[in-house]
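Participant: Here are the chains, one letter per residue:
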Amino acid sequence: MDALLTKTKTGAQEAGKEVGKKISGAEALLRCLVAEGVETIFGYPGGAIMPVYDALYHYTDKINHILVRHEQGAIHAAQGFARVTGKTGVVFATSGPGATNLITGLADALIDSTPVVCVTGQVFAHLLGTDAFQETDVVNTTIPVTKWNVQVAEAKDIPAAVARAFYIANSGRPGPVLIDITKNAQNEMIEEFTYEKCTGIRTYRPKPTLQISQVQAAAELINQAKRPYILAGQGVLLSGATEELKALSEKAGIPVACTLLGLGSFPTDHPNYVGFLGMHGNYGPNVNTNECDVLIGIGMRFDDRVTGNVSRYARQAKVIHIEIDKAEISKIIQADVPVHADAKEALAALLPLVKSATHQEWIDSFRELNRIEEEKIIRKECNPDCEKLMMGEVIHRLSEMTKGEAILVTDVGQHQMTASRYYRFRYPLTNVTSGGAGTMGFALPAAIGAKIARPDKDVVAVIGDGGYQMTMQELGTILQYKIPVKILVLNNSYLGMVRQWQQLFHEKRYSCTEMVNPDFVKLAEAYNIPARRVTQREDLVPALTDLLNAKTASFVEVVVGREDNVFPMVPAGGCVSDVLLEPPTVAQQKK
Amino acid sequence: MKQEFTLEIAADNNFSILNRIVNVLNRRRVRIKKLIAHEMEGDFYRGGAILLLYTTPELMEKVKHQLEKLIEVEYANYTEGSDAYYERSEKHGCRVAS
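Protein chains in written order, with my numbering: chain A, 1 to 591; chain B, 1 to 98.
Treat each hint with caution, since some may be false.
[Stated by the list, open to error] Below are the DSSO-like pairs computed for lysine-lysine, each with C-alpha atoms no more than 30 Å apart in a straight line:
1. 34(B) to 508(A)
2. 156(A) to 226(A)
3. 91(B) to 331(A)
[Stated by the list, open to error] Partner residues aside, some chain B positions facing chain A, computed with beta carbon under 10 Å:
4. 12
5. 36
6. 40
7. 41
[What the hints assert, rightly or not] Calculated from the model, a selection of chain B residues having no Cβ within reach of chain A, i.e. all distances over 10 Å:
8. 11
9. 15
10. 16
11. 23
12. 60
13. 66
14. 71
15. 83
16. 84
17. 87
18. 90
Since the hints were made in silico from the structure, they are not lab data. In this text, all values refer to a predicted model and were calculated from it rather than measured experimentally. Every residue, glycine too, gets a C-beta built ideally from N, C-alpha and C.
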């Protein structure tokens, strides 16, 4: 790990104009990346990107390249890196299958607004369209899963393409960008290398101009509201608007709930925090969505996991939607007051216009609903009196022991929902998960990227046995670079979330969801990672203590209840008020 | 209720721009009845497309914003009906049977 901490920023000083010295397109690429402040690249070499890797050989003092074990691991690692820093993650991959292995991660980064720049090698330009070895039409294949992409077939075009890529990836609503560079472009020499950062593109308007009239309209609604309610999404984090959000909530007495990717945008120990929204969110936030009179969505997109049935979502409320992406406003839920703006800017303008107010009775109504959830679900899950270990208690202990200060990286499934419910996030950029795409296998490589980005923080990857096996080859990356991530696998030997739906909605026809798993402990040990399995409650805290205290990578497998379910749950097709605290009755199922 | 719309797009004339535009429409299952693509006169780097679409007014508005999200697209404006389509296509030298 120490080797990864010693890079210094020299790129910005070295970039610029170089007269008289020819450099290759490959070297030009690296100089551009250094100029953009890139210090870490996650990648996997191959034939079509070999010139870049050859040039990289002489840049090891400036750029750390992390060799992963699969290109999907590279892009998820880059996402983890980006999520905890706000910087752009960078990926190298070769042509053909190397590039196509990035597609899942690109789709994930696009829907979750994560800034990533992927550079793929491509066959020689004269071979394009000839079905050459490892040639695929990467640009057209990745158009639907990127914010922008471009193919560069001449070396002289590399600097402008890189400059645009970084500008686009991390401006406005962030997203993934792909640059496909043909091999001849990598090999060609450039007479005169210059690099200028991109500061604008004629047709691209990443930051909307704040319309004061929209903000005034929003303030008017808020000032008249009796039951205002804020839904905070990832946009608050991306915009750096956490202080403004807290100020608004405190001044106007407005309760705040967070979406999955918004967790961390508002402190969970704040008196105005009312919970986690959505399909497996807390009871109060879901039920009271259909009780509020003014609903304020900030940096969120009213995803179907949040809204449930939209025909019965907040129909009684006036909706204010503060969002930087115009296409998201009124896409799902019609906004009465759209505020097309960056969240930080909008909230800063809104704050002086809203009156001081308290809505204690309204906030207390959330507490009462959450008390019901506490009695029916939370108490039993976090402090169970049954023999089997439960996911909720594992996360609860972990949260207590880390004081909510670790970076938590979760995979996808029941454990993800449980972690989102019970881990008490206190700070921004500490929750890393796959939201919109729900990509199983995300967590292990994302945790690698997060740890490399934040060596000063504990990074704990919480993963189910299904998702773990999708990308566990990245244990090799952990081995090679001695990355001290803490891996916690919750093993119920099922694809748990799918099994839950099969139980609740398909009369327990467990079709292809039972897993026969290998010995995860032995596998971790094969990668020199100290590992243990927990099957008894009395061993849980000691195991978690050892996990958190480990200076190296560490692994704990907790065997949890096989057929436990995650509640509350908004059933498919149901509205947020239909949120279930226990399995549906037969009548409810038939409905 | 579905109806015809004329959509006019101005964009940077980069490789794959038409593919990007059509992808957005395909993804939303918006029917493309006619399409003309052209370079801007005197500016090789800029181009445009005029499309005759068949969809609902609600979806047309949403698709407009999704098209304007494309990096190369300068604007995507639409009007109801097909008159504007035939008028603009004549202007670009295309005689189209109505």
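Participant: Hint by hint, note whether the structure agrees.
Facilitator: Taking the hints in turn, this is what the structure says about them:
Restraint check: the Cα-Cα separation between residue 34(B) and residue 508(A) comes to about 50 Å, which exceeds 30 Å; the hinted pair is violated. The straight-line distance between the Cα atoms of residue 156(A) and residue 226(A) is roughly 61 Å, outside the 30 Å bound, and the hint therefore fails. Between the alpha carbons of residue 91(B) and residue 331(A) the distance comes to roughly 34 Å, so the proposed pair goes past 30 Å and is violated. Annotation: residue 12(B) was flagged as interfacial toward chain A, and the flag holds, the nearest CB pair being 6 Å apart, inside 10 Å.
This hint is violated: residue 36(B) has a C-beta 20 Å from the nearest C-beta of chain A, more than the 10 Å allowed. The interface hint given for residue 40(B) is broken, as the beta carbon of that residue sits about 13 Å from the closest beta carbon of chain A, more than 10 Å. With a least beta-carbon distance of about 18 Å to chain A, the hint placing residue 41(B) at the interface is violated under the 10 Å criterion. Not every Cβ of chain A is farther than 10 Å from the Cβ of residue 11(B); the closest lies at roughly 7 Å, contradicting the non-interface assignment.
Its beta-carbon lying about 7 Å from the closest one in chain A, residue 15(B) breaks the requirement of being farther than 10 Å from that chain. The non-interface label for residue 16(B) is inconsistent with chain A: the shortest C-beta to C-beta separation is roughly 6 Å, within 10 Å. With a least beta-carbon separation of about 6 Å from chain A, residue 23(B) fails to lie farther than 10 Å from that chain, contradicting its non-interface assignment. At roughly 13 Å, the least C-beta separation between residue 60(B) and chain A is larger than 10 Å, which holds for a residue marked as non-interface.
The claim that residue 66(B) is not at the interface with chain A is violated, since a C-beta of that chain comes within 10 Å of its own (minimum 5 Å). Residue-level check failed: residue 71(B) sits 5 Å from the nearest beta carbon of chain A, not beyond 10 Å. Listed as outside the interface, residue 83(B) is consistent with that label: its C-beta sits roughly 27 Å from the nearest C-beta of chain A, beyond the 10 Å cut-off. With a least beta-carbon separation of about 22 Å from chain A, residue 84(B) lies farther than 10 Å from that chain, consistent with its non-interface assignment.
Non-interface call for residue 87(B) relative to chain A: holds, since the shortest CB-CB distance, roughly 25 Å, exceeds 10 Å. Distance check for residue 90(B) against chain A: the nearest CB is about 26 Å away, which clears 10 Å, and the non-interface claim stands.
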